[in-house]
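Asker: The lines below spell out each chain.
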Amino acid sequence: MKLHEFDSKKIFAQYGVPVPKGKIAKTPKEAGEIAKKLGGAVVVKAQVLVGGRGKAGGVKVVKTAKQAQDAAKQILGMDIKGLPVRKVLIDPAIGIASEIYLGITNDRAARQPVMIASAAGGVDIEEVAATNPEKIIRVHVNPLLGLQDYNIRDLAVGIELDRNHWAAFHTICKGLWEAYKNSDATLAEINPLVITKDNELLAIDGKMLIDDNAIFRQPKLAKLRDMDEETPAETQARKSGLTYIQLDGEIGCMVNGAGLAMATMDIIKLFGGEPANFLDIGGGANAEKVAAALRIILQDKNVKAVLFNIFGGITRGDEVAKGILAALKTIKTDVPMVVRLAGTNAAEGRALLADANMITAETLAEAAQKAVQAAKGR
Amino acid sequence: MGILADKNTRVVVQGITGNEGLFHSQRMLEYGTQVVGGVRPGKGGEWVLDGKVPVFDSVKVAVDATGADCSMIIVPLAAAADAMLEAADAGVRLIVCLTEGIPLQDMMRVRAYLDSKGVLLIGPNCPGLLTPGQTKIGFIPGDNAIPGNIGVVSRSGTLTYEVLYALKQVGMGSSTTVGIGGDPVKGLNFIDILQMFEEDPLTDKVVMIGEIGGSDEEKAAEYISKHMTKPVVGFIAGRAAPPGKRMGHAGAIVEGSAGGAEDKIAALTKAGVRVADYPEQIPDMLK
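Chains as they are written, first to last, in the working numbering: chain W, 1 to 378; chain C, 1 to 287.
Calculated directly from the structure, the hints in this document are not laboratory data. Among the clues, some could well be false.
Said to hold, decoys possible - Using 30 Å as the maximum straight-line C-alpha spacing, the simulated DSS-like pairs for lysine-lysine come out as follows: (1) Lys205/C - Lys269/W; (2) Lys245/C - Lys289/W; (3) Lys207/W - Lys245/C; (4) Lys223/W - Lys239/W; (5) Lys245/C - Lys376/W; (6) Lys245/C - Lys304/W; (7) Lys239/W - Lys245/C; (8) Lys287/C - Lys370/W; (9) Lys269/W - Lys168/C; (10) Lys245/C - Lys220/W; (11) Lys181/W - Lys117/C; (12) Lys245/C - Lys181/W; (13) Lys135/W - Lys245/C; (14) Lys287/C - Lys269/W; (15) Lys245/C - Lys81/W; (16) Lys55/W - Lys245/C; (17) Lys219/C - Lys181/W; (18) Lys168/C - Lys370/W; (19) Lys10/W - Lys245/C; (20) Lys2/W - Lys245/C; (21) Lys270/C - Lys269/W; (22) Lys245/C - Lys269/W; (23) Lys322/W - Lys168/C; (24) Lys26/W - Lys245/C; (25) Lys10/W - Lys181/W; (26) Lys245/C - Lys223/W; (27) Lys245/C - Lys301/W; (28) Lys207/W - Lys220/W; (29) Lys370/W - Lys245/C; (30) Lys23/W - Lys181/W; (31) Lys135/W - Lys219/C; (32) Lys269/W - Lys219/C.
Everything numeric in this text was worked out from a predicted model, so none of it was measured.
Bound conformation, chain C alone (with noise of 0.2 Å):
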């Protein structure tokens, strides 16, 4: 199985009735993800998907029908905050929230609280999780990726569809792929993921997708040269950067002499972590 998800984990999707919410519900089923129910406050009794997939007023109330472990959260940004601690409270293992735009101070205290109940989050604003052939939750796009031993894990969306391509163009393929969030507070971070690939029996090697701002790179870079024996391969995005800016996400900003990119590569390096210049390198640079 992936690492955090396989053809067994089963989804509510938080926001299943919304434009976005229906859309990719239905590519999830399509490629094979168990979305086993929806939630909207309000339109519970429902059902939606060509009547394959019941909508819940709660997720507790999902959760209890279904036997859901994840919560998958696609809602508006004002919704997003209540939406992770109500998946939190009805007892998910795993919570992936695609939502992008939620104020620093709410994820200081969401992370705060789901922490206290032991709960897993991935993002927020990220792209998700795929098991490619088993299951995606969230929108990396299921096609540009075959199975394989490589696990793959980034702060940014499309480097990760950017990466995935690649590597399927000369038949290499992913363990598990993990859309951490361009957040600067958010869930599972690159040591989390780098734990969990260094004791995955399907994982051989890994990529390591980072970027301006923070030090999450830095702190990764001790982890992989004090623990990893798995090969990693990094890419910092933000090298051509100027300090002060937010490069699009709210995480990537260089700030004083912190977050620059040319220091996450010099502690990669140090690590022992073959750094890309670009990301149509690193098939070659795992070989």
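So here's chain W without its partners, still in its complex pose (with noise of 0.2 Å):
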């Protein structure tokens, strides 16, 4: 789950992190009233959970509360990336001397949190990563001991920080941390950490990844979800405990297992066709779950077909069966289905099907052959 700029450097400076003191504003008026309590140049920026705002005009640097009420008007009737900008955040613009970058985030392979610096921030890191990979500085901290003093003096003499910072850069660094390991973050990120005209440190743009495993022992960072992140589909989906990604295709996907739910899309595009979603029923789905699992397909009206793929292990063949059936009361739909079914009771479940005018398939290739031949037809 991605937190919003304003959440994140909220989260941030409740651990001692140094934020500008900004305020969010929803209409162009609240935005002319900030900027005129916070006196002087403001930067208004459009707050969506997407990158690159600065290029697509979503960030502007004003001198006065009108020009920031304009700006504000400008910005929040934009979409960015396709997402509407709801909210946009006040900052008192700030005299940069210099730029870091400074982030946390979790190594895979090394099974461990790294922090990583860079004295080339304010531009994307993954594009410093490729052009001057030297000038990024990573310290792994050991999960069981947490971050070391020495892990911060390795990361300052890295970036070559000047000494008369050291001890703000140490507060940043501890407070960085302890976001990041309270919140159950899987990045948190400062970019840039600024060293301003006035030669203080100051944390002007925060971004904060939550590990969606962790949400359940995170409440108060539950309420922060910004809900234009996920379609209306996909909440739904959420909520009824599936995981559902919508996708443009044609071909509607519905099959038990992550991995075999991708293998089932790439097969289907390897056959010609474009999956519309990616769809996991879970391991020992019920009727219920299917039924709710194919109307969320059905609304989708690129659909011109659907393929159910089960492979029954927990899952078992005839609870789908009747989970398909009982949907298809409800729903008035002519999209072809095509059902294959393997696996534990796929026998009793292919029975109940026998019926219900669909298309069956024994193998996965067959499957998709099939389902790419009934969206043509349409």
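Once you've looked at the hints, go ahead and assemble the two chains, each given alone in its own frame, into the complex.
Answerer: Structure, rendered in structure tokens:
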């Protein structure tokens, strides 16, 4: 789950990281009032969960409250990479001397958190990694011990930070680590951490990703979820305990197991079709869950055929068949459906579906080919 | 014997009194697995599964009483990290954790601790392991597989069943099948299992099922090209997956330029692995 800039910075501030004293506005009028209170030049920043806001015109520096109101009006009407801008952050404009990157993420391969710093801050860190890899300093953190003081010194020395800033940098690194750890983050990033013209360190942009597996024990963070991050169908699926990701193809898929669901999308593509979604009904899904899944798939008007690929282990073929039949009683549809059932209780499932006017297949390859054909016939 | 477990492996099940715990322990007993005990704090002294399996309050007590060398964990996710640490301290050799949804930072701490103790972990978020004809620890459907000379290692549960089933259709069987799980931080990884298969006299060929996310397949490719003499057939799921989206498994996500399927397929191909377009092609490619 992604957190907005203003939520991330608020969390960082709770752990002692200095951030600008800005506020959120939902209307141009609010933006003007905040700018007036702050006084002087401000920066108006679109709050959307995608990168590249600046390039898209979603960040503007202005000199007066009136200009802030106008800028907010413009930005609040924007769509950035398909996401509507519903809020803007009004921060005081800062005189910047230099920009640092500071972040913590998980190094999967090392199975440890890694803290990353670079003197080339303010730009996409992946770009720096590609063009100037020597400018990126990485320090692994032992997950049992946590961030140590020498870890921080290694970073400060690595980026050739002026010694006058070491104490402030230490506080910020400690704070960022605590924010990362206590929020169950998979990423906690300050980019840029600026050295101001007044020679102070300040986190002027922040980003956090929260581990979806840990949301259950982070009730405060769970409330910060931005529903724009997922489509309404995806939200509905999540609430039904299904993993659903909408794509733009024409063949809807219902599969048990994440790996098999991916393989099903792949094989549809291999035989000339395009998958309309990823959908994992999970292990041991019952009829009710299957019906909910089918409703979600058929809401997508691009869907011209549906492919069911169920390999029964804990999931039982007859339960899936009952779910399909139950869903079809409540949804009127003429979308052709291809069913492949294998494994536990597959024969019973196939018998239940025998009268349902569905196309059946024995193998995954056969099922995919039939689904592609059925979709093309429409 | 299999690379990790055989008919003599003695298993305690942490979480045996839950619905899932009872159901899968029953299946394991039917398969021939030595389920010698279960653990459920607060229910020590009871017996489950028609009085065949004693329940203990802690893994330590269970191990002392039964001589178990393996623990299978099927507990609610909030208890899973604690369960793994407890099993490690109780002195088992191997932990198989089936529980899905464990927070990543917990897994980093657990894995670091288990490494310090020298305890092997399979999973979490995995279907476990199967040594056909001898033992199954987890929920890989036993009737889909026959004993044979093919080692199978996979990040995906259902794709594992799919492969075993396809092999069985043509009379091919598996020496050991290991579902290593779909989480980004886990226990034994491709490289560890590949090394075991390379050294295992009962394994002649290997099937490796990977998916998008991380770089474990690339690392495996490097290992294969340097150290493996046995032929490997591979499959990578997720070529049609969009970047930036988590495809069901916590670890299955293309992040920035890393973790894409095409890179993995290229690395494996370069290492001499034949990579299938879809799982049903695998039996033919092994012939």
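Asker: Determine for every hint whether it applies to the structure shown.
Answerer: Hint check results:
In summary, the hint linking Lys205/C to Lys269/W is supported, as the alpha carbons are separated by about 29 Å, within the 30 Å threshold. Using a Cα cut-off of 30 Å, the hinted pair Lys245/C and Lys289/W holds, with the two alpha carbons roughly 22 Å apart. Restraint check for Lys207/W and Lys245/C: the C-alpha separation of about 18 Å stays at or below 30 Å, so the hint holds. A hinted pair counts as satisfied when its Cα atoms are at most 30 Å apart, and Lys223/W with Lys239/W qualifies at roughly 15 Å.
As the CA atoms of Lys245/C and Lys376/W are separated by approximately 28 Å, the hinted pair is consistent with the 30 Å bound. Proximity of Lys245/C to Lys304/W is assessed by CA-CA distance (about 24 Å); at most 30 Å being required, the pair is judged to hold. Note on Lys239/W and Lys245/C: the hinted pairing holds, with a Cα-Cα distance of about 18 Å set against a maximum of 30 Å. Proximity of Lys287/C to Lys370/W is assessed by CA-CA distance (about 28 Å); at most 30 Å being required, the pair is judged to hold.
This hinted pair checks out: Lys269/W and Lys168/C have alpha carbons roughly 27 Å apart, not beyond 30 Å. About 24 Å separates the Cα atoms of Lys245/C and Lys220/W, which keeps this hinted pair within 30 Å; it holds. At roughly 24 Å between alpha-carbon atoms, Lys181/W and Lys117/C fall within 30 Å of each other, so this suggested pair holds. Taking the CA atoms of Lys245/C and Lys181/W, the gap is about 23 Å. The hint holds against a cut of 30 Å.
Pair hint Lys135/W plus Lys245/C holds up; C-alpha atoms about 29 Å apart against a cutoff of 30 Å. Proximity of Lys287/C to Lys269/W is assessed by CA-CA distance (about 27 Å); at most 30 Å being required, the pair is judged to hold. Taking the CA atoms of Lys245/C and Lys81/W, the gap is near 15 Å; set against the 30 Å cutoff, the hint holds. Proximity of Lys55/W to Lys245/C is assessed by CA-CA distance (about 23 Å); at most 30 Å being required, the pair is judged to hold.
Between Lys219/C and Lys181/W, the direct Cα distance comes to roughly 28 Å. Compliance with the 30 Å bound is thereby established for this hinted pair. With a CA separation close to 25 Å, the supplied pair Lys168/C and Lys370/W stays within the 30 Å bound. Among the hinted pairs, Lys10/W with Lys245/C is consistent with the structure: their alpha-carbon atoms are about 26 Å apart, no more than 30 Å. With a C-alpha separation of about 12 Å, the suggested pair Lys2/W and Lys245/C falls inside the 30 Å cut-off, and the hint holds.
For the suggested pair Lys270/C and Lys269/W, the alpha carbons sit about 24 Å apart, so the restraint of at most 30 Å is met. Of the supplied pair hints, the one linking Lys245/C and Lys269/W holds, its CA atoms being roughly 18 Å apart against a limit of 30 Å. Restraint check for Lys322/W and Lys168/C: satisfied, since their Cα atoms lie roughly 28 Å apart, inside the 30 Å limit. In summary, the hint linking Lys26/W to Lys245/C is supported, as the alpha carbons are separated by about 29 Å, within the 30 Å threshold.
Straight-line distance between C-alpha atoms of Lys10/W and Lys181/W comes to about 16 Å, which keeps the hinted pair within the 30 Å bound. With a CA separation close to 21 Å, the supplied pair Lys245/C and Lys223/W stays within the 30 Å bound. For the given pair, Lys245/C sits about 22 Å from Lys301/W by alpha-carbon distance, which is consistent with the 30 Å threshold. Under the criterion of a C-alpha separation no larger than 30 Å, the hint pairing Lys207/W with Lys220/W is consistent with the structure, at around 17 Å.
Taking the CA atoms of Lys370/W and Lys245/C, the gap is about 28 Å. The hint holds against a cut of 30 Å. Our distance criterion of 30 Å between C-alpha atoms is met by Lys23/W and Lys181/W, whose separation comes to about 26 Å. For the given pair, Lys135/W sits about 25 Å from Lys219/C by alpha-carbon distance, which is consistent with the 30 Å threshold. With a C-alpha separation of about 27 Å, the suggested pairing of Lys269/W with Lys219/C holds against the 30 Å cut-off.
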